[in-house]
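J.: Sequence:
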Amino acid sequence: MINLPPHRLPALAGWFPAGAPGPSALTEHALATQAGRWWVDRVIQPRVIAAECGDHVLLRGDPRALTPRDLAVFADHYVEAPGRFLPLIGAAFQRVVPRQRVV
11 MINLPPHRLP
21 ALAGWFPAGA
31 PGPSALTEHA
41 LATQAGRWWV
51 DRVIQPRVIA
61 AECGDHVLLR
71 GDPRALTPRD
81 LAVFADHYVE
91 APGRFLPLIG
101 AAFQRVVPRQ
111 RVV
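Going left to right, the sequence shown walks through residues 11 to 113 as this note's numbering numbers them.
Keep in mind that the hints were calculated from the coordinates and are not lab data.
It should be emphasised that the depicted structure is a prediction, and the values quoted were computed from it without experimental measurement.
For every residue, glycine included, the Cβ atom is placed at its ideal position computed from N, Cα and C.
Warning: the hint list may mix true and false statements.
To be verified - Distance windows between CB atoms, simulated:
| no. | residue 1 | residue 2 | range |
| --- | --- | --- | --- |
| 1 | Val53 | Arg74 | 14 to 20 Å |
| 2 | His17 | Asp65 | 32 to 38 Å |
| 3 | Gly64 | Leu14 | 25 to 31 Å |
| 4 | Ile12 | Asp65 | 19 to 25 Å |
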C-alpha cells in the first residue's frame, strides 16, 4: 500500500459517505484533524483505499487489488471492512476475530 498525504487523496464521497454514523466518522475526523494516514493500492485511479487513525483502519474498494502482504502495515490495528475483504484479511493475519457493530 502507498501512503498518501491528504492533499493527494481522490474524492472520498464514493468511498466513505460523509455524515454517516459509525465507521465513516473516522474518515471525517482524520480529514478535519489531519491525525490519520491514508493508503491506496496505486496513486492513479486507486482500487482500494484505507483510512488509518490511531489503531483503527477502514478498508474500502476491491480486495482483489491487494495481496495479504499489502495489509502487513495494519497488523496491530482493528480493521473494519466490508465482508468481501474477509478472505484477504484471514490470509493476511494469524488471528481474526469478526465482530458485529451496532450503530
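J.: Now tell me if each hint is right for this structure.
T.: Quick rundown of the hints versus the structure:
no.: 1; hint: Val53 x Arg74: 14 to 20 Å; in the structure: holds (19 Å)
no.: 2; hint: His17 x Asp65: 32 to 38 Å; in the structure: violated (25 Å)
no.: 3; hint: Gly64 x Leu14: 25 to 31 Å; in the structure: violated (18 Å)
no.: 4; hint: Ile12 x Asp65: 19 to 25 Å; in the structure: holds (21 Å)
The earlier numbered hints that this structure contradicts are 2, 3.
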